[in-house]
Amino acid sequence: MTEHLELGNWGERIAANFLSEKKWKILEKNLRLKRGEIDIVAMDGKELVVVEVRTRTLGRILPPEATVGPQKLRKLVRSGEEYVMKNNWQGPWRIDLVAITINNDNSWDIEHITDISVGEFRS
Amino acid sequence: MSLVGGITLKGINAYKVEVEVEVTGGLFSISIVGLPDAAVKEAKERVRASLRSLGIRVRGRVAVNLAPADVPKEGALLDLPIAVGLAEKLGSLLLREEALFLGELALDGRVRGVRGAVPAALLARELKVPLFVSSENVPEVALVEGVEAYAVNDLQELIAHLRGEGVLNRVTRMDPSELEVTAEPDFSDIKGQGAAKRALEIAAAGHHNVLLIGSPGSGKTMLARALRGVLPPLSDEELTEVMLVRSTVGLSFENSRNRPFRSVHHTSSAVAVCGGGTSLRPGEITLAHRGVLFLDEFTEFRRDLLESLRQPVEDGNIVVSRSTGSVSYPSRVLLVAACNPCPCGWKGDPLEPCRCSPTEVERYQKKMSGPILDRIDLYVSVPRLSSRELLGLEGQQGEKSSQIRKRVCNARKIQQERWSPWGYSCNAELPEKLLRKEISLKSDVRTFLQGIASSLRLSGRGLSRVMRVARTIADLEGCDNVAVPHVSEALAYRETGFLS
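Chains as they are written, first to last, in this note's numbering: chain A, 1 to 123; chain B, 1001 to 1500.
Derived by calculation from the structure, the hints in this document are not laboratory data. Yeah, the Cβ is synthetic: ideal placement off N, Cα and C, and Gly gets one too.
A short, non-exhaustive set of chain B residues, derived as facing chain A with CB atoms under 7 Å:
1) 1025
2) 1027
3) 1059
4) 1060
Computed footprint of chain B on chain A, listed as stretches where at least three residues anywhere in the stretch have a Cβ under 8 Å from a Cβ of chain B:
5) 83-94
6) 111-118
Based on the sequences and whatever the hints tell you, model everything.
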């Protein structure tokens, strides 16, 4: 496995642990759908959450949350819709971002941003 | 049925808008239907942010319906009802009775004042429901009698009140009897110009439209401004009418019984003066309702603008029809126009020679000879005072506006009593036929008028104008019958003295 994919997998494990600690129920990991991929699907209480995980080393200057642009967001909305349809989910759902930044001394910071679409994209 | 109500404005009237909210599952989004304009559509951002500031998170797909669906909704007046409707749907509160909400939301949950608070208060009174308004609108709402209104500072306060956890301040009615009239400038501040002051007193007493003619710097504008100080104070009913109009355009309450004074620049468009536009706003003539509409540099106004003023000045209301609808605005104004006697401005001036040729003067004066001049009863010359006169009068004090106002009020009362059986309130409103029948001339006046009418070749309309003004002069003096001196003074205010 190449280095960047390994890093990604590691980040997703960290994120899943982080969410489990928050008492979220993890439903799916690394889901491949027709319209794109979803890193994690989890339940935050009664709300379904599609979680996008971004892992970066500090070598790059851009903060991880800035790497989700409008195009990626639209893709996430479409995949989320596909998942919701497939599983017949009737309640509310949202898209969250978990950003992991690896520092030079191999420690890491984790950041959780909720509801990154806030009504911006609609089908 | 939804218990949450908002309002939308049409003309100067408020109409109830029912706000229905539905929340279903899905990715968060808000859609507003029911002919919202851009400002209403943008409410979703303000509503979401302000609810979030209270810790109420909006989830899922939100649909807001504004009923009736076929009436266009405008402005930021619907922020508050949408927020309350949404909070109710999300289970943050439970409404027990119908209520009207009015206000714009800030992102942090504060409630801002909006235009239209007075019409909303009148509607709430009619529907017998409580009204919740921004604290900024309280001074206006306090004028409306018998409305159950509450002042809201922010959304949190309102929600606590609706939950029964807190109590909002109820708006107490302001007693309008404490309101006064101020005269600014006062007639006593104006030096000389005795004749012009007298003419304005007559104009105020009989609600006659006036044209002031004078050289530059002679004080036409100041006289016109002073006129509002001698007009009778607004009655309670008129006060509400004036506030209603001011509220619909978002002007604040003036806190006095002063009549409105609106000065219109000659470059103004017909829409700005008469009302209209896509969202149908009242124009200057409606803002001057029950007060003075001042047209400075009368000759410079576009012809079509003056023509469009004829009907509203005559009828006291104006119907504005546009593709978005048709509304009627009140426009009972006292028209005061001012102009120079000739293009250079110095015709008839004792010091400065006039540089205009007779043709130029004629062309200039022809510009204003139009049907609008038919609506003007008094033509008043405002001569420029020489510097010696100005200085010589330094120590002298003219009559105070308040004294003149007393006489004007008395004259108005006499007219009201006389004409109320026919439904008129002042001499200027009277139709010609009724005037001729009921003017009660002394017998010697009849012969005097006959002589003067033939020697001055007065037209029918010119004659009735003289009689109308003479009636007001007699009323100012408290005379039951019109006598010869009244008529001869009235003759001095004819247009022929200046034009031609």
